Structures are given as C-alpha cells and as structure tokens.
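Chains as they are written, first to last, in the numbering used here: chain A, 1 to 160; chain B, 1001 to 1787; chain C, 2001 to 2324.
Take the hints with a grain of salt, since some may be wrong.
DEER-style ranges, computed between Cβ atoms [claimed, not checked]:
| hint | chain 1 | residue 1 | chain 2 | residue 2 | range |
| --- | --- | --- | --- | --- | --- |
| 1 | B | G1140 | C | G2150 | 34 to 40 Å |
| 2 | C | G2246 | A | E75 | 42 to 48 Å |
| 3 | A | E18 | B | D1543 | 55 to 61 Å |
| 4 | A | D130 | C | G2150 | 41 to 47 Å |
| 5 | C | R2149 | B | H1169 | 54 to 60 Å |
| 6 | B | T1055 | C | T2143 | 30 to 36 Å |
| 7 | B | P1124 | C | E2198 | 40 to 46 Å |
Source of the hints: derived by calculation from the structure; they are not laboratory data. Since the model is a prediction, treat every value here as computed from it, not as a measurement. All residues carry an ideal CB built from backbone N, CA and C; glycine is no exception.
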Amino acid sequence: MSGDPISNNVVTLTVNGETQQRVAAANRTLLEVLREDLGLTGTKYGCELGECGACTVLIDGIAVLSCVTLALHAEGTEVTTVEGLAQGNVPHPLQAAFAELGAAQCGYCTPGMLMAAKALIDSESNPSRDEIRQALAGNLCRCTGYNKILDAVSLAAGKA
Amino acid sequence: MVYSVVGRRGPRVDATDQVTGRTTYAGDINLPGMLVGGMLQSSEAHARIVRIDTTAARAVPGVHAVITGVDLPIAYGIFPVSQDEHALAVDKVRYIGEPVAAVAAVDVETVERALSLIEVEYEPLDVVTNIDEALQTGIGIHNEAGGDNVHRRAALEFGDVAAGFEGAHLVREDVYFFGGNTHAALEQHAAVATAGPDGRVTLWSSTQVPHYLHRTLEKVLEMPAARIRVIAAPVGGGFGGKTDPFSHEIVSAKLALETGRPIKIVLSREQVFYAHRGRHPVLMWVKTGFEADGQITAMHFKSFLDGGAYGSYGAASLLYTGALQTTTYKIPNYKFEGVRVFTNKPPCGPKRGHGTPQPRFALECQLDEAAADLGIDPVAIRRRNLVEPFSVTVNHLRITSCGIAECLEAVVEQSGYSAKHGALPEGKGIGLALGAYMSGAGLPIYWNDMPQSEVDIKVDRGGGVTVFSMATDVGQGSTSILAMMVAEVLGLEPDDLAMVTADTDLTPVDLGSYSSRVTFMAGNAAKEAAERIRDRVVTAVADELGLARDVVVAEGGRVGAVDDETKTLLWADAVRAAISREGPLTASGAYRAPDLAGPYRGAGVGISPAYSYSAAVVEVDCDLETGEVAVTKVWLAHDVGRAINPLLVEGQIEGSVYMGLGEALFEEQAFRGALHRGPSLLDYKMPTFVEMPPVESILIETDDPEGPFGAKEVGQGPLLPVIPALANAVHDALGVRITETPITAAKVVAAQRDMARGGSGRFGPTSVPDHDFGRLTQVDPPEGFDA
Amino acid sequence: MTRLPAFEYLEPGTVEEAVELLVAHPGAAIVAGGTDLFPNMKRRQVRPATVIGLRGVPGMTGVTVEADGGVRIGASTLLVDLVASDDSPPVLAQAAAEVASPQLRNAATVGGNLCVDTRCDYINQSEAWRTASGLCLKDGGDTCWVAPRGKGCVAISSSDLAPAAIAIDARVRLVGPTGSREIAVGDLYRPDGIDRIEMASDEVLVELLVGPPDGLRATYHKLRRRGAIDFPILGVAAAVRTADDGVVTDARIVMGAVAPAPVRVPEAEASLIGHRLEPDVIAQAAALASKPIRPLDNADMGSRYRKWMVSVFVTRALGDLAST
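Isolated chain A, as found in the complex (with noise of 0.2 Å):
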C-alpha cells in the first residue's frame, strides 16, 4: 500500500468466520463497524476511550478493545466477538459457566468479560485464581463484584 491514502475504503473484514466487505471511512473503529455496519451490537462500549474493557473482542485470538482499533487494522485478521462464541445454540463452556454461576448480572460488561476470559482460557488452560484477575483486571463490572465471574471463569477453564 506504500503510502496511498487509505480513506473510505472498502475493509474486508472475518468476524466469526464470516468475511464480509463494508465502505468504512479511516477513522472508523473496529467498534463502530462491528456494531453499526455489521449489526453485531453484542460488543458493547462503555467509555468508548479504552479505559473500561466493555467493547473487548479478539484479533487472531488476542483480546483488543475495539473502540480505540481501527477497523482497517482488522483486515486480514480472524475478530472474534460474543456472537461467535457458541457453536450454533450450543454455548461456549465460558457462557454456560457464566449463566450456571450468576457472573453476569446487569450483563452489560458481560461480552468483553466472556472475551477477555476467552483469550486467556485459550493461551491458559489451567489459570490460577490470580492469572484470571490479572487477566480480566482491564475490564471493570459494577454489579458483580468480580468473585462469581473468577468462579465462572474457574469453572470453564478446565472443560474449554
């Protein structure tokens, strides 16, 4: 691309195995297209400036906050989001550990929390109860309290 301008071009992205084409200006974040042009509004923001971890999805299988990535640095990429997380209607073993302990309560933290424990489910497959605190430690909760999300991500790290 040596140094053409990339500006309303058109991202060629992979979101959950799917690879779709959107006309998305420069400036637009991997958050913005995800939930506005693709319609995955699982993905949620909660400051929209990289400081809460609400809007967290995976990149190639590491977890990244969207609202501060640009969408055309995803391309080429594998995005992961909560959609993609069950197969069909079977849930992930982090969903179903998440709903089994009471992890999510207002659920709105709960798509990035699920992301983040993912990647380190993923990388991790036995984490001690301070590898998961230090793993989930960018993504706030205002309901939980944080201890039944450490249970449910416990929980699913050995059946992942």
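We have chain A; now place chains B and C onto it with these hints.
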C-alpha cells in the same frame, strides 16, 4: 414450609441471552430511518442565557431538527415538590454540562458539527460550589431574588434528647464527612424514540422507572399518557442512576415528534457523570449519649447535604439521612436536623442505600469510638443496643422480622473478630458495622391511593403462562424472582413462563426498581395473581376429577390429588378445564403497603413494610508507608427474610460489598470549583478485579410475615455496613481515624504523620456550619415504644 | 458515539517511506497501537489531518540479542511481547507489565509508550470540558491552570518505560530525512509539557537499544490508585552497579510522572557511590532524591502525597537492589 422452586439456587431466566450478546439494551436498538440525537452541554456553571442562535446549526446539511429550552418549556422533576428541571435549560444554566440545546441529524458527525455551530451567549453569574458558600452567600441558584440556597430543611425531635444527654455517662460529639460519588453503571444512558403520524410516541430507555418517566412525558410533551408508550429496555446497571426522568429521554421523544423519524440519543460517558443523581456529599455532626455499659441514651444528628443544582429526590434524600439510625439500635431520645442546599454542580439523588450510607458511616464509626472510651468492645456496645423483632422505633418506624442479632453473631463468629480486634500486627486490622434498609419505600413518590405494584397473568389454552409486570430488571434479577414466585405457586418451572416486563402499553403499573421494593411489592402482587390463577385451576380440576378442593394441589407440572398420581391432570389439560368452565384464564394481583406513617410531617420517609438487616466484618492489610489499604476479606451476613434464589442474593451481597468498598476507598465525584475533576472511567477510580477481596456471604432467613414467601430486600442493605466496617478496620490496623470518605492512601498517610507528630491521628473536618434549621417539630414516641 | 475526527490514513512500507510521508505531511501523527493517540484524538486534544500507521513496516518488531549481548527492541514491539520475551532486559519487562490493562498491552508498543503524550488533569478531557475550563497552554490557550504564574506547560511525562530505560542507559535510534541517529533515552525528553520530545517532526523512532550487560541491575516501582488501568502518578526506576563487596560503583535514580520529563536526581545517585546499600545509605539517598521533586496538583492524588511517596518509592527500589 417446603417449597420446590423458591429457595432454589439457579441461573437467571435471561442468563442465556446475556452471555450470548442477544440482550438488546437501549443503545443496541436500531430502527429504519433512525436519526441520531445529541445535546449541547453548558460551558458555564451558573449563567443567564442571553441568546441562543441555532441558525447555522439548522443550515448544516443532514440536520433535521434543532431544539432549545423554548421548545420544552414545561418544568418537571421526579418529586411533585421539586418541579425545577427543564429538559433543555430555560433562561438559566446551573451546572457545567447541563443540556442547553439538541440536534437530530443523519449521523454522529453531523450532530457534532451542528452542535458546535449553536451560539449561546451567557451572562455569567457568581458560582456556588460547596455547602458553606451555599449557606452564606446571597447568590440564588433557584431563588431569583437572591437569598440563600437552601432547598429543604428538617428539624424533628422524638422524646427529649436534652434529658437523655443529661443522664449519660459519656457524651460524644463527632463530625464526619461522606464524599460524593456516583453510580457509574457500565451502560451509558440511552434512549430511542419514535413518533408516528397517528400521534403516538414510543420511547425505549435504560430507565429504572418507566411509570414515572411515562408521567413526566405526559406532562412535558403535553400529550395524553394513553398515547405515550414507555418501554424500559434491559438496563445495563442502575444503582439509582436511572431513576429520574432525564433530558435525553424527553428530548429524544420531542425530536421524534418534530422529525417524524426514530431518534437515538446515547449519553457520552462524560454526560453520564453530569446526569449523575449520585451520592450526596454530606457533612454530619452527631452527638450521642451512652450509659457506662454502652446503652444509648440519646442522639442528636445534624446533616448538611450538598445537593447540586436541582431537587431530584433531594427532599427524600435529606430525610433519609435522619430516618434509619433508629432501625438498628434502640435510641430512646432522638433529634434530627438537616438541610439540603443547591450548588452549581450536577444534581445528586439516590444511589444504592439512598441517603443512609452517609449517616451509617458516622454512626458506626462513632460507636467504635464510644466503645473505646467506655472500655468495652465494639461487639458488646452493639449487642447492648440492638432493636428487637416486632417493635417500634422512637420515630414511629414499625419493625417486623429482624435478624440483626443473628447477623451480628454470624459475622463475629465466622471472622474470628473478637480474637483479632486489637490483636493483629500493626498494619493489619479488622472492623465491624451493622445496617438496615427498607424493603420498598412505604409510599409512592406521588400521592395516590392506587396499588404500588400490579401483576397480570394470562394463561393460554396450551398451558402457556405469561406474566405481565412493569417491574424493571436492572440486573438485580427481578424478572427471575417474579418468575420463580409464580412458578412456585403454579407448580411449574420458571423457564415454563413467558415474562413480559416494563412496558406501559402491555404491563400493569409497578412503580419501578428503586428503594429495594420489587421483590417485596411486585413479588406480593405476582404471588397474589398466581394464587388466583391456581385457585381457578384447582377448582376446575377438583370438579373434573370429583375430588375435594382441599386435596388438590398444583405441583410438578400437574394438578390433582395430593396423594394419588392417577387423579391428576397435566397442567395444560387442567388449564383447558378451567377455561372451559369459566372462560378466559387471567388474573391480576396487587400490592399496596400498609399505612405506616407516623403523626408528623416527614414521616413518609423511612417507613417500609419490612427492613432487611446486615452485618459486615472487613479485614485489611495496610501498607505502613504508602497508606494503601488492601482489603483481604469481607464477611457479610444479611437478613433477607427468605432467599428466593440464593445465587442472586449472594450476587447482590457481593455487588454491594464491591460498591461499598469502592466508595470507602477510591471513588470520588470530585470537583475543582464547579468543574468535574475527571468525568471518565479512567479518572473515576472504581475498583478493578485486582482490588476485590473474597466475600463470605451469610444468608439469614427470618421469614417476614408480610414478605412474599417471607422475603425481604437485598439489593441495597448489604452496602451500608461495609463502609464504616472498613473505616473501623483501618483504625484497628493503624490507629488513625479517617472521618471522611473515601479513605484514600493520601488521607491515611496524612493522619499517620499527624499521629507521629503527637496529633490525634484524625483526618477529616472538625466543625459544621452554625445553621438555623427552622422550627423544631416535637413528636411523642409512639404508643408501646419501649425506651 | 464518541468518534475519531476524520483523517487521511497512510501506510508506508518502509521506515524511509514513513519519513517521506512525514516530510510531505507536516503535522502528521505516527500511530502504532493507537492506545494513546486515538483516545487523545477522540477528545480532540490533537487533530492530525494525516495519520501514518507503522504496522506495515517490516522489521520494527521483536526483541533481539546482538552478538555483543546488547538488546535491540523494535519500536513496534508490543508491550505484551516485551513482557513475555526472555531476552527483554528485566526492568523493561517489569515496567511494561505495569502499563494500563492487558488489552492495551496487547496493542500498545514500545515506541508508543516511550513517546506517550504528556498528561494533565486539564488536557486529558473532552473538548466540551476544556471549553468550560478555558483553554490551557497545551490546548493553544494562554494560561496554565495548574501553575498560572509558571513558565510553561507542566503536563507530566506518563511513560512507564522511560524511567526504566533511562536507568539502564538505553538509547533510541531515530530515522529522519538526513539519516539515522542514536540518542540516549535520557536525552529524548524536554522539560516542557508541549514541546516535550527531542525528535524532529519528520523523525521516526525505530528501536530501543540496550547495551551489553555491564553489571547494572535495575528495578521499577509504580504508584497509581488502582492495581490496573491507571497511568503512573509516580514511577521510580533505580539501577546500580556494585563491586564484589557490594559497594556501589554506579547508580541511577529516575523519576517518572512528576514533571514534563523523567527526572534524574544526581545528588541522590552520588550519595550511593562508595557505599553498600545499607538502610541508612538508602534513607539518605531517598531523602536527597525527594528534595528536588515538586509534583503539582495535576494528576490523581494531588501533589502532597506524591511528593511524600518519592522517598518511600526510592527506598523500596533501592531495597530491591540491595537484596538481589
């Protein structure tokens, strides 16, 4: 009583939607042709609006409407006595960030451009930013003639405090300050409105109070309520922060009416900090008399509330700072004086515990200090004063079930408090406190004789049961609790039911998710409606099968003889039998709290059909050099009456502990003058995963006689004792007494340095303004009050 | 939604192309992870018309050990990779691990953290907030709201890596139109919250260079209100070289987040030379280190507490080095 569904630990009925991203919050709604709305924020803290010119904004291509205060001239407010807000400022602005004008346009960029082109000419006025200034200066924030900035005053005396102090062995006078903080729900407030040519308006909003919002829209839009539909979308966290009618809700409806297009407004995180309605900063003076054995002889409590720029719930907030002191400890003589002032800051209102965490902090810290003076331990002084079940307080509050003693003993025993207090190594400490909270405010916000909760149930011919309730799930799990109660009565499973909630077109009124009222009030209504359905089905089955009515039960999805499985019908068949006999199978239930108000003005605040009780022990490990306080463990016992779903009860306890610790240690809605110090989730220091300790939740069940299945509240009460327990633990660890929240590392170190120089090691304000609270109302204690 | 302002986005394929683009587009901003730039742009603190992304430039990532034992760290190396690499100088990994949150460390880069914009309570706010406050110096106004009678902008250096890198004498390589140059990280920053960095507007920071092991042992301590997410409100890096008998022969104490640039405290460093790191020696150095440090009330926890904590953190940092 043995129940099959009630008391069962299990997931929320909406858990699957939540974990798959399918839950549709207000900001997730997208409608065809939808426009974006946005609001211009005042850049002045206090100013007269001389002129607003929207010409340039209107000329921007893509702009569909621009409105200002003149387009929404009718004042409103959540309380009938405080109709002092406008959706968009009229004539004056009173805090930085107050909405002044609004735009509807095709996209966010166009909205921003148009907003930037609106010219507002302000004539700045002097600014009032704190309690002292508000009481001393002649700048009238609401009072145009100048004068003071007092919003409300209260002065009440029950019994004779002077006599109580006279006979006391010890009288302590202490000053405390509780800093302001805010809800900071993770979801930014959002609203979506449509208005069709048929003249009907529909509004989806992240609101805790669809009914009150409905009434506000009726008033401000000057439309019949019957033509307005309010739907509370699933709320991404409330905590009291979505309990007022807000500008963006009214503005989105108005813009939809103006443009004929759907409108969505999402507040920015910064705007959420300005919409606020969070914890009032409260300066408190408390004088308490004690016998030598710790028994309280009298208490005189003064509070000064910094209310921000508008009334909101402030009339109640003020009284709440004086109401519930008597619900945990027997206080034979009690005097409360309070004042709420206006300042040029975002309005304060109800946050989890509404008006009661502040006095609870003062009271429980002072009890520890008095215990030390008297040479008795903090457990003993509390045991000496506990209220008793089925009693009445000096200020006429009726206590029914009361597990305060069980809560106290449980946390003391499980934490090993008595062996640890005063005995841990320097830097480590343990603290104790108690609390009580209402299971729903006894009175509705506006005076009326109608039920506070109504629930309808409709059963179709296939046996499908649909429950209709305006109760609003803000994450606490109210929909799940109602489903469990109805399922229990009908012998079904919660996931057999369809739950339709929080929609003014579809559901009968419930006043909303505030004051911890839903389990108790909507629960009683749901239980009554379900019992009416069950009774009709049982009667039909008894007839059908030739059984005596009193041997027929509904359980396990069947209805019939309690002891003979061959004489039962499947639920669906039983339902068809009932419909065949008497037609459509529908029923309603309702709840209205008994009339509990005492014989004085102000008695409406604090009354409740039942009180929950909590006890907390907090253990800390303080850094001796940095003053940082790490909480290592919290034990929290809570008298919930009966746990309908222990998993959800624990969730409320753990969440309350979290929020309490955040308020106690870190969080500040802080200002430099009238400027918010940092309206962002980076600068507002809510605890992360790293700061949260393990919590031992202990559920105490006292089976309240009026609660549905014996249940009481759990959403707010457990927060109350956490903050003073933390303060008491820090004192135990370091010997410093921080009398002001949050207990930041900086304050701890300041107090340590003071102590090292031979000072008292106290950090916090030492005096309160000399203020005339107005005419004192003398009230005799109620009949049967046992002093 | 809070949007990024519109900009032209360019992706060079080489460092030389990046420099050409910088020359051709005055005022352009370089972006790697975007974790600093994009929030600042969303708040309209900066509005570059052109943004130049480095992600397509090959060879700018990775931690590589040179033949002489020196370490070369590409500017686009992610902080998470710096933390994880066995080849990373330990103090850099230690400091990087304390930056922000896991997600941000997954996107933020070494170059980005070294060049992180100075921060201040009065600038890291929305445009509406800053309008209400009145524009400050860094915002193009004529008043500093923190120190109205002061001489310049007092926004604070907020890099966790910078003090650590300075403490181990690390250098950076900058590439500009006239070629490449190396400067010490200690010379990279200016004591001015606005004109804050010794880089020409057409230079690109391409790598961080750490010399071969020479006996310097270093550590980093960070103060912040919460254990995650927060920027430093004080960062203390210390490094010493000791003789076999434990006597200090060389010392560095570097303070971040107290001034517009990281601050070294030569008197405190000198006081250590010729002594073992005994408690009284450490206490004296801590007192000397604290003396010239004057945090202002423009970050969390205010100025007084941060000043108090300087000696505590220096003591702790030197204590680490005494015990290893």
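For each hint, the structure was consulted:
The supplied range of 34 to 40 Å is met by G1140 of chain B and G2150 of chain C, whose beta-carbon atoms lie about 37 Å from each other. At about 55 Å, the beta-carbon gap between G2246 of chain C and E75 of chain A misses the expected band of 42 to 48 Å. Judged by the Cβ atoms, the range 55 to 61 Å given for E18 of chain A and D1543 of chain B holds: they are separated by roughly 58 Å. D130 of chain A and G2150 of chain C have their C-beta atoms about 44 Å apart, which keeps the hinted 41 to 47 Å range intact.
With their beta carbons about 56 Å apart, R2149 of chain C and H1169 of chain B fall inside the hinted range of 54 to 60 Å. Between T1055 of chain B and T2143 of chain C, the C-beta spacing of about 32 Å keeps the proposed range 30 to 36 Å intact. The hint said 40 to 46 Å for the Cβ distance between P1124 of chain B and E2198 of chain C, and at roughly 42 Å that hint holds.
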